[in-house]
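As a plain string of letters, each chain reads:
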Amino acid sequence: MALVEIRDVYKSFQRDTQRIDVFTGLTIDMEAGSFTALMGPSGSGKSTLLNLIAGLDKPTSGVVRVAGAEVSAMSPGELAAWRARNIGFVFQSFNLLPVLTAYQNVELPLLLTHLSGKERVERVRIALDVVGLGDRGDHYPRQLSGGQEQRTAIARAIVADPTVILLDEPTGQLDAKSSQEVLTLLQRLNKEFNKTIVIVTHDAHAAERAKMTLHLEKGDLVEKRAAVSGAAR
Amino acid sequence: MKYWHLVTANLRRHKLRTALTILSVALALFLFASLRSVVTTLHTNSQFGGARRLVAMNKTGIVFILPVSYANKIKGLRGVRSVSWANWFGGKYGENARDFFPKFAIDPESYLGMYPEIKLPEDQKQAFLRERTAALVGKGIADKFGWKVDQNITIQGTIFPGDWTFTIRGIYEPSDPAIGDNVMFFHHEYFDERLGHAGIAGWFVVEINNADSAAAVAKEIDDQFQNSSAATKTGTEKEFQAGFATMLGNVSLLMGAIGTAVVFAILLITANAMMMSASERTGEVAVMKTIGFSNRTVFTLVLVEAGVIALAGAVIGLGVAKGFYPLIKFQGFGFLPGFNVTPLTMLWGLLLALGLMLASGLVPAMRAARLPIVQALRRVE
Amino acid sequence: MIPLVYNARSMMQRPVSTTFTAVGIALVVAVFIGMLALGQGLRAALARTGSDRNALVLRKGADSELASGIGRDAARVLAASPHVATGTDGRPLLSPEVYVLVPLPRPNNPTAVANVVVRGVSDQAWSVRSNIQLVAGNRPTSGRMEICVGRKLLGRFEHLDIGASLHFAGRDWTVVCHFSAAGSAFESEIWAENEQVMPLFRGEVFQSITFRLKDAGAFDDAKRALEADPQLGVDVHRESDFYAKQVGILGIMLSVLAFGVTGIMAVGAIFGAVNTMYAAVAARTPEIAVLLTVGFRPRQVLLSFLAECLLIATVGAVLGALLALPVNGIVTSTTNWTSFSEIAFSFRVTPLLLLLGIAFGVVMGVVGGFFPAWRASRLRVIQALR
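Sequence order for the protein chains is Z, G and F. Each residue of the first sequence is one higher than the last, beginning at 1 in my numbering. Each residue of the second sequence is one higher than the last, beginning at 1001 in my numbering. Each residue of the third sequence is one higher than the last, beginning at 2001 in my numbering.
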């Protein structure tokens, strides 16, 4: 059984009087420990797919299942608790809380667990070390570079050890060097820690790092390709 | 409270705004405490009065006098322990209306005996009792005018013409604030003498043996003088004071109206600040929800933030009110002796702050809780 | 000049915040006007009581009618004084008056009493006080125990209808007329003939004598001449000054209350305006940067934001003035502590007060808007465009 199961999903939006169909019967599987890149032109539904997996949005019909739990059927209250345990989310514009230090930002998801203060300190340290920011914990987001901010956001996404890590254009606002750092980090997370990763991107270089690339166009899966080079690197 | 640092971090986001909002709340509660204390002080003072003291005055009105000779007749009545009498003495000291203070011509021995609330050192008391032209003054006015014991002061008569010079022999402090520490007492005997032994008293204070018999004794006094040249109206001291309180007019209504406007205005200001700070953070709330913060947690966080502002404002405003008025010895120009911010007023202030928190935090908190994540994120991204 | 349309649009983008700020200012202005109207009403009631053309005579040293006493001899001497004007009938326009307070029970609370002035007047009093007008009935007849009741007492005490009998000082008095006195303190008084009142209360003395000056400009001469007479032993006051001074401690208290309370409220409202304007500046940072880039001066930016805050404040202030208008004319009462009598008066919202209130609101706007506007004008373009 796949870790992420998208089964016959329909999704449509109402914009003014017009109905926009994003997905019409989409079915995808993603295995545990996979590293999947979602590609496609804007409006192809990549971000919507990410939101559906994260339980931020609901399909019009069909089933979204993650690690056996039917995300599409949960109530908002259940979803919040479920997300806290199972989803790490990284945004294009980092979205660190500006009033919190890097350390406090990373600690946020742990506040929703039953971990003790001491355990939280330990976990945050590890996460910051993994992303290479062990010495930047007391910096505020505005004191960090874009790459550092995004790595902090990744630390925040992994700190609670979620089932899946979802990234929405994580390199979209970064320079080439920072992008490479972030992508290398993701690969390491996938390989060394066996994290399941889904990344939305329209940067072909970024997609190359993934083990698998899915091309979406107008809500349909048009291409599914195992990126041999990415896996090999 | 592991979320506490999230609240403080948000409060520090715009330090100026947070400070201004807290100060607004503090100002509102300071005003609230002040206005309410005017009402409570008036009420407390109107309740003043020993249960065993009656006041007898001319039935025709407070400005009419009674013959001093009534004292002996009242003393002879059953249930009466002692009788004293006093006259309102107008008089001016200084030209300024602010310099006004009440002056009473009293029968000293019986009066001080009946009012143990008037406290002064025994030697001063004896000195005051001994000397016909001696005066006893409250600490409040003694401090105000820099008077010392054994100093002479001259009062310019208004109702009773001429210059009246007294020697201060005592300075008292009232044990019950309703007495006021701004009164000047002097000998009725001296007053009477200057008036050519007119034998007039403004009112009598009658101490009775048993508080339960107040109504009966009062009736007996009034019956006694029913057909005399001057009929009396006798009541408990409390009734007398209550009548005095109504003379100020409808103070509580006025204070209430102002207080409501103040609280409402500050509510708008606080709510405004809360809403602004919440709406700026729409994106951040969406991020927190994405991380897995539940609607309830987000709701609570915003409300607690409003609560901290309201509470901090309340503590400052109420604390300053509690400390400020005793410091400047505020007595409402003599109309509000014993002006005091009561614990109940403080409690009401805190409740008000709580209401303020709910009213100003509820809408932003609900908005934050109900925020649809996807739309909010789209605005951010 | 940066177009005001920008400001209007900026305000529309934060309708709740703008409205709250304006309403906050409105409330402060309303309270400010309302409280000043109270003081104004009290002052007006007392100021209008006296006339410039009249002189009020009290015993030397007395600061109120209550404290005064003047014998019949002195009254006769005064009536013959050349400083007293004569009426059309050839008699001096002079009224020796008996002034007493009687406790009348309040209808809503029978145990509480209010001290009401009963003024015994001569038949000339009605001519000496030119602002007195009968609104119903006929003047008391000489020699009868009849009273004329001031308009402001009506409705506040019982047994005051024409033909009714009012009991005080151990007698029954028949109400024969009601009078108005241009809103002055006289409207809170009961008038009767002086000879009827005198024996009942204090014996053979008047409390005051009021007369019409032959020459209003020669008040000082009259005062000097009469006060110099040792036989009389009187002080002479211009009637208007005498009543105006009675505002005394009460006036001070009302002013302290008005300025204290509204001052504190105003600080709160200014905080509100500062908050709103800082938010406006923050929201429009890129726009300001563009304006500065294309060559607008910092001063123009400052003025633009100041104008925006002024606009909000002015709307609020006008709203506050409108809110305060309905209190105009509401009758309230308090005690005149100089005379110990209850005095009823109306809130008076004058055009000047309205203007003052609006000006107050505008000042709050300027103060509240200045620092945010200043910050906007000091923005560094590079920083803003980042």
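Among the hints, erroneous ones may be present.
[Unchecked claim] Keeping only pairs whose Cα atoms sit at most 30 angstroms apart, straight-line, the calculated DSS-like set for lysine-lysine is: (1) F:2060 <-> F:2245; (2) F:2060 <-> G:1073; (3) G:1238 <-> G:1329; (4) G:1329 <-> F:2060; (5) F:2223 <-> G:1059; (6) Z:58 <-> Z:177; (7) Z:118 <-> G:1002; (8) G:1092 <-> F:2245; (9) G:1144 <-> F:2060; (10) Z:224 <-> Z:177; (11) F:2223 <-> G:1144; (12) Z:118 <-> Z:224.
By construction, these hints were calculated from the structure, which means they are not laboratory data. All values derive from a computational prediction rather than experimental measurement.
(request) Provide an ascending list of the numbers of those earlier hints which the structure does not satisfy. (result) 2, 4, 5, 6, 11, 12
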